[in-house]
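J.: Using the hints, position chain B against chain A.
Protein chains in written order, with the working numbering: chain A, 1 to 353; chain B, 1 to 353.
Be aware that one or more of the hints could be misleading.
So, partial list: chain B residues that the calculated Cβ filter (under 8 Å) puts toward chain A [said to hold, decoys possible]:
id, residue
1, 262
2, 309
3, 311
Calculated cross-link-like contacts (lysine-lysine; reagent style DSSO-like; alpha-carbon spacing at most 27 Å) [as the list claims (entries may be wrong)]:
id, chain 1, residue 1, chain 2, residue 2
4, A, 308, B, 308
5, B, 78, B, 25
6, A, 191, B, 313
7, A, 78, A, 25
8, B, 52, B, 25
9, A, 194, B, 313
These aren't lab readings, by the way, just hints derived from the structure by calculation.
Just so you know, even glycine gets a beta-carbon here, dropped at the ideal spot from N, CA and C.
2 protein chains.
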Amino acid sequence: MSLTSEDMADFFTLRTVSWDNGRVKMIDQTALPNRFSYVVYRTPEQVAAAIKTMVVRGAPAIGVAAAMGLALAAQRSKANRLPDLFRDMESSAALLRSTRPTAVNLFWGIDRVMGKARAASSVREAKEEVAAEVKVMEEEDVEVNRKLGRAGADLIRDGDTVLTQCNAGALATVGYGTALGVVRAAVEQGKLIKVLVPETRPALQGARLTAFELARDRIPCTLIADTAVGHMLSLGRVDRVIVGADRITRDGYVFNKIGTYQEAVLAKRHGVPFHPAAPRSTFDLTRTHEQVTIEERGTEEVVLIRGKRIAPKGVPVSNPAFDMTPPELVTSMITERGLIGIPFEENITRLMS
Amino acid sequence: MSLTSEDMADFFTLRTVSWDNGRVKMIDQTALPNRFSYVVYRTPEQVAAAIKTMVVRGAPAIGVAAAMGLALAAQRSKANRLPDLFRDMESSAALLRSTRPTAVNLFWGIDRVMGKARAASSVREAKEEVAAEVKVMEEEDVEVNRKLGRAGADLIRDGDTVLTQCNAGALATVGYGTALGVVRAAVEQGKLIKVLVPETRPALQGARLTAFELARDRIPCTLIADTAVGHMLSLGRVDRVIVGADRITRDGYVFNKIGTYQEAVLAKRHGVPFHPAAPRSTFDLTRTHEQVTIEERGTEEVVLIRGKRIAPKGVPVSNPAFDMTPPELVTSMITERGLIGIPFEENITRLMS
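Excised from the complex, chain A in its bound form (with noise of 0.2 Å):
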């Protein structure tokens, strides 16, 4: 990695996704951790194929990376009338939610500029308006996080291993992070902390994204493979599950990276608290779990690693990037607006309305 001291320095202030004079400009996440660098994109076509081929990845962090592709779509209109203006972005909304089908927040985040825009009484207020916004939900992602980490922050007690599983750090969002945010805040109230990280195939977010922010934060991880996580529990070497979500219906059903679920069933079996850590946007008060749809992704993710192959030629590979934890596995839910415990659909809707 090449990094300066500078950058090492205001870790909890870097962007992952942020809006630049009308540019987006993200980290590339796909070259981490060999390379640390940025790009930046112009189009709303440049934003959809990063968020398809995971340049920037994780629930909040699509979420407003997604809503500053159609503020890109909004800028880059020719329309003299504002329906013209919606068709343009609508195009661009359409390409933009089909790049993944799982996390909530991409469709939230379009959502929110969508509204934006045609609250608007011109072209020009409309296109100020939807810049504005995206910017303040750059901010407020931030923040949210904050607020979640200091709600979670309290469950963690002086000297806990947390097991996570892949990242829902500062990587995943545009900063701090929401499980890995949970994690921060208690070290900013002075707890010494250990990471217990699954390396998280097939993308190996855990190995390559996680160990990462840990490490340039200097909060002390373990990398395991992902076979290792039940020999973990069962040596009693973790205390607490926390993870990150992509959607939670409001029957309280957690969809999280494929892994998540046999996490929460062995945390059970062992006794150890389990955890999704999310904020408002990733909860999906319209749907009941029956009606998400998990991402089947391509072959190459699994049988090529970094170019090398490692499994023969022509194999079948099924490669679903997410799965599905019950409500009866959760221990509570970490949010911006406090823990969400049993009942959870009750109390979704109570907390998150």
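T.: Relative to the frame of chain A, chain B by itself:
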């Protein structure tokens, strides 16, 4: 892979390890699936290194390989008197015993060859007996696996999907396999079986070896990331779990490749039967589970995949190679002497003594 059609035809008789006129011949499993090749060893030191670096792996295969390594030591000894021969052999036995601590077959193979030597009345007789014994062990291994396969095959219904872990196939034995031997025997009975293969990080034996040997045998399989095991079980896509074992203690605890324990927990949750398949040589009648050492392997196995770095430099890693499944998660054990059911401690002693 550079396979001739002849290789394809004789799959079931292909030998992972064999004694070839006083040399030990092995398939180089580190090169699979990209290259299929043999290596030939003439010294016990070479065989010990091959076991340590996983040129040969799988409990039954390393049992036979270690026995053959010790036979090389006998053959190369310049001793004129039996005590000197035993001293030479014990020195190589110590080296071979130090390669890998968990699979009991390794110790079983060495003890069997030492016992044969000690029963001889001359150096010449000892050398001949030892060479004959390892050839017997080689043939026995395949015969035992075929018996074990038939004992397990009746459990499997036509159309079943079997979930496995790691490679407990022909490549983990001299030939035919244990867990995959059961699958092969069911296929020989005319049943249509599908195998769900977790890639089995860190060493990827599922992706590299199991997918390879099933493809060669034209047995349908689907490769998944280790993170997808729970999700597949939750979707009802698995009818039965069959895995190998590196050691089964007399109190019924199953030590096998890391990731096995979590499969067993998940299988239990979803009401799917879970079976270790292992020959007599994998049972340790002298020890209980507290007395077994779980091998911790190097960091590189996790952070480098085929030479490519997937995690930041210097990140701490924990890399246990095996885990322990308690008897309460086991439906029954498949052996060449038939199925072993509960109460395991009693039945293991009865059937395996």
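J.: I'd like to know which numbered hints this structure contradicts. Please list them from smallest to largest.
T.: none
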